[in-house]
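Using the sequences plus the hints, can you model the full thing?
2 protein chains.
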Amino acid sequence: MEGYRILEIKQSVFENNDREADLLREELKGNKTFLLNLMSSPGSGKTTTLKATIAALKDEFRIGVMEADIDSDVDAATIEQTGVKVIQLHTGGMCHLDAGMTRQGLEGMGVEDVDFAILENIGNLVCPAEFDTGAVKNAMILSVPEGHDKPLKYPLMFSICDVLLINKIDVLPYFDFDMAACERYVHKLNPKMQIFPICARTGEGIEAWTDWLRAQIRDWIG
Amino acid sequence: MEGYRILEIKQSVFENNDREADLLREELKGNKTFLLNLMSSPGSGKTTTLKATIAALKDEFRIGVMEADIDSDVDAATIEQTGVKVIQLHTGGMCHLDAGMTRQGLEGMGVEDVDFAILENIGNLVCPAEFDTGAVKNAMILSVPEGHDKPLKYPLMFSICDVLLINKIDVLPYFDFDMAACERYVHKLNPKMQIFPICARTGEGIEAWTDWLRAQIRDWIG
Numbered sequence: 000m001e002g003y004r005i006l007e008i009k010q011s012v013f014e015n016n017d018r019e020a021d022l023l024r025e026e027l028k029g030n031k032t033f034l035l036n037l038m039s040s041p042g043s044g045k046t047t048t049l050k051a052t053i054a055a056l057k058d059e060f061r062i063g064v065m066e067a068d069i070d071s072d073v074d075a076a077t078i079e080q081t082g083v084k085v086i087q088l089h090t091g092g093m094c095h096l097d098a099g100m101t102r103q104g105l106e107g108m109g110v111e112d113v114d115f116a117i118l119e120n121i122g123n124l125v126c127p128a129e130f131d132t133g134a135v136k137n138a139m140i141l142s143v144p145e146g147h148d149k150p151l152k153y154p155l156m157f158s159i160c161d162v163l164l165i166n167k168i169d170v171l172p173y174f175d176f177d178m179a180a181c182e183r184y185v186h187k188l189n190p191k192m193q194i195f196p197i198c199a200r201t202g203e204g205i206e207a208w209t210d211w212l213r214a215q216i217r218d219w220i221g
Numbered sequence: 000m001e002g003y004r005i006l007e008i009k010q011s012v013f014e015n016n017d018r019e020a021d022l023l024r025e026e027l028k029g030n031k032t033f034l035l036n037l038m039s040s041p042g043s044g045k046t047t048t049l050k051a052t053i054a055a056l057k058d059e060f061r062i063g064v065m066e067a068d069i070d071s072d073v074d075a076a077t078i079e080q081t082g083v084k085v086i087q088l089h090t091g092g093m094c095h096l097d098a099g100m101t102r103q104g105l106e107g108m109g110v111e112d113v114d115f116a117i118l119e120n121i122g123n124l125v126c127p128a129e130f131d132t133g134a135v136k137n138a139m140i141l142s143v144p145e146g147h148d149k150p151l152k153y154p155l156m157f158s159i160c161d162v163l164l165i166n167k168i169d170v171l172p173y174f175d176f177d178m179a180a181c182e183r184y185v186h187k188l189n190p191k192m193q194i195f196p197i198c199a200r201t202g203e204g205i206e207a208w209t210d211w212l213r214a215q216i217r218d219w220i221g
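As you go down the protein sequences, you meet chains A and B in turn. Residues 0 to 221 (numbering that gives the first Met the number 0) make up the first sequence, in order. Residues 0 to 221 (numbering that gives the first Met the number 0) make up the second sequence, in order.
Worth flagging that the hints you see were computed from the coordinates, not collected in a lab. A few of these clues could be false.
To list a few chain A residues with every Cβ distance to chain B over 10 Å, as calculated [to be verified]:
id, residue
1, Lys31
2, Val125
3, Leu155
4, Lys167
5, Lys187
6, Gly202
7, Trp219
One-sided excerpt, in silico: chain A residues whose CB lies under 7 Å from chain B [said to hold, decoys possible]:
id, residue
8, Ser40
9, Gly42
10, Asp70
11, Ser71
12, Asp72
13, Val73
14, Cys94
15, Asn123
16, Leu124
17, Cys126
18, Pro144
19, Lys149
20, Pro154
21, Val170
22, Asp218
23, Ile220
Note that beta-carbon positions come from the ideal geometry of N, C-alpha and C, so glycine has one too.
Set out below in structure tokens:
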């Protein structure tokens, strides 16, 4: 039997999402909970990256994961195996989460015993970029098979994130992926973007990424 | 100097998109133009698949391509090299095309000299599935690196398409992609879905796909 809950998320009623997001961040600060919003295309490896991230940090922080999907609970079932708190959020067709929807997820999961909360957003490089979820930091994954030209096509997503994980670097030999060009496109849009090449499946690069993340969490929760 | 035009698409003003889509299809029928709507995640290989498809069919049909993107014109520049008619559509942040927006694209491109028109939709497995563009057939690509579980997570997209191309089969040895499970998930959602495994880069499987497509076009344009 599953130990996780499936929560059907309702459309938000708030008119000013930015204000709702700021309010949520303030509450998270008061509760000493760091919220990471993880975004990417479908199939870039969000869940596998989360598993590796959880393995690196679960002895230091109490972790809670919100798995957002239009349908299915395959990701919550995967994350449950890591032993951390997890809830599956169903958006019922909605293509992104805003601050009000993220709040529903946090309330459904419960944050009083969570230092480090993670929202795995809907797999979509377009719509999630337009809505502040209230997260403290926004992370995105671009996987090698997707190609190095994606910053040119989805500029808003690459502009609003704090950190970019370039995943599946183990298959670099089989794809025409120009790492230098990708970094150049990204930094032209977003000079402050932190970039970590990783392979979530093998663990390559995970230490550098989680070192950065640990510093962000400690800085927030004090 | 580029030979293609960049058209800024405006939001549609029609309240009933399904009616607009049916009307557009009727007009395309009258003009003997077949319209294919091609959808997928970012980076699954839409443009490369189009190049291979154009190479197989350009001696039989007069082809016109609409490249939709939020920003950039890298795809139109690529397709232009094939020698067919091409126009770049910019949606200015919008995450999909509906029938009214597709009509703007067709008018911008001109269809009087086109037997086979192709819309390369925004890279997104969520929103484009919700809007009938007026296309005669809907095609989608799922690439091997994205994983075989995507039908579970994006059921609407897999339900509304007529044909699924499973691309990048050349890298099957490097990924845990279960072809039989994928086909089972897809046919549970959509028993009529045609499935063609392909590698657009090497040309593998392109003949079977374009044989099917040729029959659809001939059936429509008479």
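Hints that the structure is at odds with (numbers, increasing): 2, 3, 4, 12, 22, 23
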